[in-house]
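Undergrad: Residue numbers (the UniProt record's numbering), protein chains in the order written: chain A, 1 to 352; chain B, 1 to 322; chain C, 1 to 328; chain D, 1 to 517.
Since the hints were made in silico from the structure, they are not lab data. Please read all numbers here as calculations on a predicted model, not as lab measurements. It cannot be assumed that every hint is accurate.
[Said to hold, decoys possible] Computed Cβ-Cβ distance ranges for the label pairs, DEER-style:
no. : chain 1 : residue 1 : chain 2 : residue 2 : range
1   : A       : 120       : B       : 318       : 52 to 60 Å
2   : A       : 179       : B       : 97        : 48 to 56 Å
3   : D       : 78        : B       : 243       : 31 to 39 Å
4   : D       : 419       : A       : 188       : 45 to 53 Å
5   : B       : 318       : D       : 360       : 19 to 27 Å
6   : A       : 162       : D       : 392       : 48 to 56 Å
7   : A       : 269       : D       : 392       : 21 to 29 Å
8   : A       : 125       : D       : 414       : 44 to 52 Å
9   : A       : 125       : D       : 294       : 48 to 56 Å
Note that the Cβ used here is the ideal one computed from N, Cα and C, for glycine as well.
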Amino acid sequence: MKKNNFLHKHQKTLAPLLSLVLIILITASVTPGFLSIRMVDGHLFGSLLDILHRATPTALVALGMAVVIGTRGIDLSVGAVIAISGAVTAVLTVNTDWPVWVVILCALGTGMLCGLWNGILVSVFNIQPIVATLILMVAGRGIAQMITEGQIVTFHSDVLDAIGNGYFLAFPIRVWIAIGMIVLTVLVMRKTALGLFIEAVGANVRASRLVGIEARLLVLSAYVFSGLCAAMSGIILAADIRGADANNAGLWLELDAILAVVLAGASLAGGRIYLLLTIVGVLIIQTLTTAILTSGLPAQYNLVVKATIILAVLLVQSPKTRQWLSDFFMKKKHAENSRTGNPDTGKGSIEP
Amino acid sequence: MINERNLPILATLLVFILLYGFGMYEYKGFRDTLVFSNLLTDNAFLIITAIGMTFVILSGGIDLSVGSMIAFIGVLMAYLITSTGMHPLFAIGIALVVGVAFGAIMGVIIAFFEIQAFIVTLAGMFLFRGLAYLINLDAVPIDHPFITGLYDIYVPLPGRGGLTFIAMAMLVLLALGILLARRTRFGMSVYALGGDSHSAALLGVPVKKTIIKIYALSGFYSAMSGVIFAIYTGSAYPLAAVGVELDAIAAVVIGGTLLTGGVGYVFGTFLGGMIQGIIQTLITFDGSLNSWWTKLAVGGLLLFFILLQKGIVVWVKKRSAA
Amino acid sequence: MKSLSIRPSLPWLGAFKRKAVLTTFSVLLPVLSASAMAADLTIGFSQIGSESGWRTSETESIKAEAERRGYDLKFSDAQQKQENQIKAVRSFIAQGVDGILLAPVVETGWDQVLKEAQRAKIPVVLIDRGVAADPSLYLTKVASDFKEEGALAASWLAAKTNGRCNIVELQGSVGSSAAIDRKTGFDSVISNFPNMTITRSQSGSFTRAGGKEVMESFLKAEGGAKNICALFAHNDDMALGAILAMKEAGVKPTKDILVVSIDAVPDIFKAMADGEANATIELNPHLGGPAFDAILAAQDGKKVDKWIKANGPLYLPDTAAAEYAKRK
Amino acid sequence: MSQLVNETLMVKETVEAAQSAVRPLLEIKHLSKSFTGVQALNDVSLEIQQGEIRALLGENGAGKSTLIKVLTGVYPRDNGEILLDGSLISASDSGHAQRLGISTVYQEVNLIPTMSVMENLTLQHQEKTFGLISWKKAEIRARELLAQVGLDIDPLRQLDTYSIAIQQLVAIARALSTQAKMLILDEPTASLDSDEIKQLFNLMARLKSEGLGIIFVTHFLDQVYSITDSITVLRNGECIGTFKTAELSRSDLVSHMVGKSLEDLAPTAHDHSIKRERTELLQLNNVGKQRYLQPLDLNIAAGEIVGVAGLLGSGRTELCELAYGSVKPDQGEVTLSNHSLTKSSLRRAIQVGMGYCPEDRKQDGIVAELSVRENMILALQASKGWWSPISMAEQQKLVEEMIQRLAIKTPDMDKPIGELSGGNQQKVILARWLITHPALLILDEPTRGIDIGAHHEIIQIIKELCEQGMGLLVASSELEELVMFAHRVVVMKDHHKVSELHGDEVSEQAILRTIAS
């Protein structure tokens with residue numbers, strides 16, 4: 001009984017986690033060695049590690065996206081922001097003697113500026129988020145190309161290499177960075193009232209205003225945060241290939257990020273957000289990608305497989321499906337009850 | 001008296017005229033009717049897609065699968081014509097039915113499983129592109145005389161311009177869209193759903209049925225757009241129309257339809273598509289922008305346009321209040 | 001045959017009118033052509049986009065060539081979309097340019113717009129790849145042959161390994177003609193060698209990040225470099241990404257796995273000079289000169305070949321350092 | 001398919017019904033409905049005749065709305081039968097119910113705000129020419145329907161440009177448009193003023209004479225006695241009984257509804273004087289805003305309740321909003337306990353002791369998705385700022401206290417507030433402000449749409465707060481309620497203050513006289 005209660009209360013949490021485990025298990029049964037992890041040169045090595053390693057940029061972007069979606073917004077420009085911050089990182093590393101931390105700060109600052117721009121359009125000019133961020137989505141890659149002058153700018157920096165591909169305590173450094181960022185965000189959202197305010201504003205902006213929450217500033221900062229996350233992701237992606245590819249870096253990543261947030265059970269109509277489950281959503285998507293790559297499936301099947309599995313996960317997770325299932329079992333129970341006889345508690349109307 | 005609901009569409013019209021006027025003033029070649037008829041022909045498939053999208057957005061939903069649908073339908077059609085030797089009319093018929101069916105399936109998932117449209121159609125976007133790859137990886141020419149014949153139908157206009165079959169098909173589909181939206185119960189149900197879906201249900205609007213119909217209709221329009229695109233290029237290509245969903249959404253929004261649903265007009269979408277076309281034509285006529293400046297210019301004009309539209313609406317509201 | 005002067009006779013004019021128009025034209029012709037000579041050529045250039053470093057250098061090269069010759073180059077970036085390219089070509093026709101350079105994003109679907117250009121008597125030169133249309137519709141194509149590039153890579157690999165090799169392949173974007181043709185060319189050669197097989201083939205979407213991610217998964221799936229003898233990448237960027245993946249997995253490129261790719265971008269020469277790549281095949285980006293020459297020749301009524309081949313050579317590490325210095 | 005069968009059956013049945021007029025119009029037999037674990041309706045049976053107006057009464061949670069929703073097919077029923085005109089019906093959704101002849105008007109206007117009045121009136125029933133909707137015919141039809149409810153408005157304008165009252169009448173006009181046999185009015189009078197209510201009652205009387213059966217749900221007992229023929233009382237999902245209105249005394253009725261005798265509920269004799277020394281709290285000095293509210297003065301002292309009376313649209317809500325600061329005045333000064341608030345933010349206003357329960361609870365009050373706890377601490381937390389969070393332990397303590405103090409019925413404090421009943425939602429909103437310990441609390445229609453029990457409790461709370469020294473500004477359309485607790489009443493009319501009644505001047509008659517003058 002108690003166990004049932006637990007399941008009932010955590011249905012929302014369990015569904016994405018179970019989906020993830022299931023996908024990993026199925027892949028492992030198809031691809032031998034998928035689960036094996038060994039130590040190579042003092043760090044862990046294996047497909048599962050690859051998933052973590054590859055998931056970090058998407059995870060960071062999804063983190064920012066979750067906060068933006070919480071305010072009833074959406075940020076389509078993150079892919080472009082990734083390209084811009086990557087370009088800034090590369091060009092500054094190549095063309096200046098600035099210490100690497102200054103370069104990184106500049107790249108992060110650029111990302112936040114982009115977020116600020118989106119935020120101003122959304123909260124000051126009241127432009128619908130999807131349109132407001134579409135502008136930077138279109139123009140952003142242009143800006144990135146302008147910075148790199150259309151070339152893939154390759155650079156070399158030990159610190160950036162470490163960020164892209166280094167290890168610390170047997171785990172990739174970028175995974176540590178992502179974990180740090182996630183923990184920090186969860187702490188800020190849950191240990192201060194910021195999370196509450198963002199959810200309140202997202203769910204009912206009028207009521208929030210009347211209790212004295214300054215929605216405008218809050219929404220603005222959500223976009224700045226999303227810009228910051230995208231910039232971190234951009235630096236990691238550039239460091240990964242030691243070059244800034246203005247055209248392709250983070251292409252369509254916004255869709256993966258949004259997908260992850262929704263897989264975590266959030267509504268695009270604002271309100272409740274689930275940061276940790278969003279990361280689970282990211283892992284589902286990345287596991288799928290890595291699994292397809294290692295399975296040896298011909299390239300043209302990738303999209304069909306990915307789409308089918310995502311649809312399946314969504315359908316399984318849908319509260320409606322759960323409701324139907326429970327209705328089905330309830331009816332069965334009910335049918336049994338009525339067969340055993342359920343006495344009617346008849347009570348006639350009292351006519352005066 | 002300017003109705004509040006008509007304001008955004010009037011702003012769009014004004015911007016369209018301003019942009020066109022600017023082009024005529026700046027470039028001699030722009031004054032020819034050829035530019036206008038090119039606009040109609042070149043943006044036909046985008047506008048057709050966007051008309052379907054208008055219904056979806058009016059109902060408060062979104063359909064990201066349209067671009068992939070265009071490619072998938074094109075490839076399917078080419079396969080039917082070139083590999084099975086089917087007459088193009090049958091192939092078009094089958095392709096349209098498939099498009100409507102896939103749209104309806106997405107509608108069923110959205111309506112009955114209550115999964116958000118953004119996500120369902122995102123999966124659809126991956127799926128249709130993937131299916132296109134499965135049918136054919138390569139670009140295939142469709143050189144059936146029927147298809148090329150359609151392309152050559154042509155009603156000349158004064159000047160060098162002329163109304164092509166594609167432009168006429170688009171205008172017919174536009175008229176159909178306008179009628180559907182404003183003169184049928186289905187259309188009214190769409191507006192009601194976007195205005196307040198809860199109330200709509202209580203007012204007797206068959207919500208689930210309408211949602212399924214909306215996505216089926218969007219499937220029809222994007223399949224139609226796939227057919228038009230195949231006629232336009234005389235070929236099919238699994239990578240065709242990547243990102244058209246965003247262009248279509250932009251056309252709808254520029255046309256004055258609220259993304260939250262309930263307010264907007266199909267004709268506005270037509271103007272929105274034409275404005276995007278004009279922006280591209282102006283950039284090509286200028287011809288001095290390099291790749292990244294093109295992107296910046298498109299983004300900048302989009303921003304300029306949205307702010308201008310917003311400004312006009314605010315200004316008129318203020319004036320009418322005074 | 002000079003530029004602006006000749007327009008297609010308008011279809012709605014009667015026959016008698018057409019005669020009148022022709023007379024007018026024949027009077028105007030010398031005047032207009034003289035002015036056209038004086039004002040130099042206006043050329044429209046419909047480029048695919050700027051998706052790779054190679055593409056950008058092609059654009060820059062053509063722009064520089066036009067500037068050197070004093071032509072007015074109308075440049076249009078299609079952002080990887082065929083529909084945008086068609087729009088651009090039609091706009092060029094509406095504008096009345098003297099010639100059009102078209103770098104088609106895909107091979108099919110150009111018949112209609114080429115016919116329109118022909119009706120407007122505007123010569124079209126195809127740049128860096130062909131189209132599946134009647135050759136009479138365009139003036140010429142200045143391009144290398146993707147299939148040949150693939151075949152060249154395969155031949156080199158076959159020679160290097162004596163026809164014994166397990167190859168992993170990094171394909172370009174699914175459905176792109178460069179990817180399809182390079183794969184076809186490559187496959188056609190290795191099919192002659194029973195001991196050469198492609199053990200894994202996946203799309204890296206022509207990007208470094210894609211190349212790196214896919215190579216990582218290849219290495220995992222094949223249990224390191226033991227079972228892989230060579231990597232064939234459809235472009236240099238993917239090869240450069242894959243080289244990073246190898247190094248991180250403790251695999252030595254060129255020693256453990258041979259690396260051959262296509263494009264000859266500067267960075268691959270650096271990699272070759274550093275001993276991390278084996279061979280690259282040049283895809284020549286300097287196509288502006290031959291293209292403009294062809295338009296001029298056509299104006300003078302000379303016959304132009306339908307395919308001006310611009311295939312590049314295969315480069316090996318021995319000249320890499322020098323080439324890198326030259327191209328940087 | 002089954003729908004078709006039903007409809008053909010119905011045609012047959014109508015003929016039969018005409019032959020035997022004694023058969024009840026609507027019969028509900030042994031109806032039951034439960035939601036996961038909660039029995040919302042338990043074996044409810046009732047009959048309604050043609051031309052009968054039946055009041056359906058009960059406290060919140062008694063099962064009224066569930067009964068209506070089962071009738072109209074929004075919820076499927078678990079057990080029981082529904083017969084209309086003698087034939088079994090089973091509506092699959094509210095559209096189907098309408099086609100069967102059961103139309104409903106809900107408390108919250110359920111029309112489409114973004115569509116025109118005409119479109120709303122004719123939605124799903126537009127006449128067509130050549131298969132297309134004829135807007136010309138639709139407009140004529142819309143004007144007819146509007147005339148039927150005595151409205152003279154432009155049907156082409158967007159619905160949300162009209163007041164809630166007009167929207168409600170439009171909804172009634174729509175419900176009548178479908179050849180209804182049964183009309184269900186679910187608290188239609190909540191946002192109507194007395195003239196409009198009179199208009200509605202005339203309409204109901206006429207419909208009754210035309211043979212319609214009407215189910216009328218309301219909280220206003222006066223209205224029950226002035227218009228209904230009979231009363232059905234529900235309590236905890238069970239039918240307590242059906243009575244002839246003329247034969248049931250008010251005290252008996254209330255006893256049936258709450259399940260206890262009226263003595264517990266009777267208002268104590270009220271006193272309009274303040275017993276303490278006057279310390280001024282809120283001062284409005286010539287505060288006004290163009291096209292919104294004429295400039296006015298108003299003072300409220302500690303321990304004083306100032307009522308705001310006036311018809312709908314007279315400026316009651318506008319006064320509350322300007323006083324609170326959610327709408328900024330363009331002239332005049334607002335001060336609270338000597339802090340000038342004319343230009344300051346709402347957060348600042350809350351920090352110096354302002355609180356505001358808005359009229360529209362759903363839109364402006366609750367954050368439906370958030371829990372009771374989160375909703376309750378929202379204002380306090382907002383005034384503290386995001387960086388100094390209230391600890392979970394403290395939150396739980398505060399919320400627990402308030403749930404006890406205001407007797408809020410919720411299974412636990414982490415339940416989403418949207419799932420609570422209206423009265424309990426209102427209490428949570430009240431609690432939201434009480435935990436900020438405001439000096440001045442502004443309440444706009446604090447008892448709207450709340451059942452009698454909760455109504456009484458909220459009035460008790462208001463009185464207690466006043467005794468503790470809080471100043472209150474209460475806007476209400478219920479004069480009876482204002483007179484019960486207000487020390488002073490400001491009467492509004494046409495967006496300006498026409499009069500201020502003090503002490504013993506405060507009476508329902510006096511207020512009405514002022515409004516009418």
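Undergrad: Which hint numbers doesn't this structure obey?
TA: 1, 3, 4, 6, 8 and 9
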